[in-house]
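Q: Residue numbers (the working numbering), protein chains in the order written: chain A, 21 to 135; chain B, 21 to 135.
Everything labelled a hint here was simulated from the structure, so no lab data went into it.
One should not assume that every hint holds.
Given that identical chains are not distinguished, each listed pair holds provided it fits within a single copy or across any two copies.
[To be verified] Derived pair list, reagent style PhoX-like, types lysine-lysine, alpha-carbon separation capped at 25 Å:
hint	residue 1	residue 2
1	K40	K81
2	K84	K37
3	K90	K40
4	K37	K81
5	K84	K40
Protein chains: 2
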Amino acid sequence: MLTKAALFPTTLASLAKQAKALSHPARLAIIEHLAARETCVCGDLVDALPLAQATVSQHLKVLKAAGLVKGEVNGPRSCYCVDLDALTGLREAFDSFFREALSEAPTCAPDAGCC
Amino acid sequence: MLTKAALFPTTLASLAKQAKALSHPARLAIIEHLAARETCVCGDLVDALPLAQATVSQHLKVLKAAGLVKGEVNGPRSCYCVDLDALTGLREAFDSFFREALSEAPTCAPDAGCC
DNA sequence: ACGACTTATCGTATACTTACGATATACAAT
DNA sequence: ATTGTATATCGTAAGTATACGATAAGTCGT
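Given the sequences, and given the hints that come with them, work out the whole structure.
A: Written as structure tokens, this is what we have:
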């Protein structure tokens, strides 16, 4: 990553960024967990995940930075929960990406016999 | 990543893996490009992307490893194209992940006044 | 104020990712 | 066979991610 400027369309850059937030099973598990049980404190997660408390906190930070999770730090009993709007938006972003890709893709090549 | 065993449900692990494949704008751009123009050789991509040929080839390798792209190496004129089945499957995997997360998520906490 | 408990941050080690130039490989055309 | 063109791989450098123990910081109950 030596030279990096305005290289990719912002739509793709932003989708990639959020995909990155989903690119670790622990973070997917956190989202699932938070979605299931609202008002979840971090401790629940540490118990539910095979990771040290510091690591869970770090993953939460990543999710928070990506905007997928909201956290209210009520002192020692932080409350994290999923950001439903963000999650919905991301879902739609993925959906339109796939929709476009799949609709534009021809079933097979018209001329070349490759695929 | 010092100790890693069977830690997460395979569903999440696999979704995370594929999300990782989508977690770079160049790879999203590649998928879009391949989806739009079938029978795409790598050269097209190198022209379309602001990256060196070696780097594009590397990204293609990642996509291929993730199963999202099929590549037939016809000598000097490799033909890469999106794997429609895989893309469809991934779309559904994301969709069911989001569906579950969003449907299970209560709009707000029943008791705590945090979120 | 003090201790118990919970979460965040720091420091750090290891591994992975990204990128590129240089080089190898492989076919096509002459 | 030789040259040209196209793609893959190697080597390498720099950045980023993952993980954890140790420590800090903040709050509640006493």
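Q: Sort out which numbered hints this structure fails and list those numbers smallest first.
A: none
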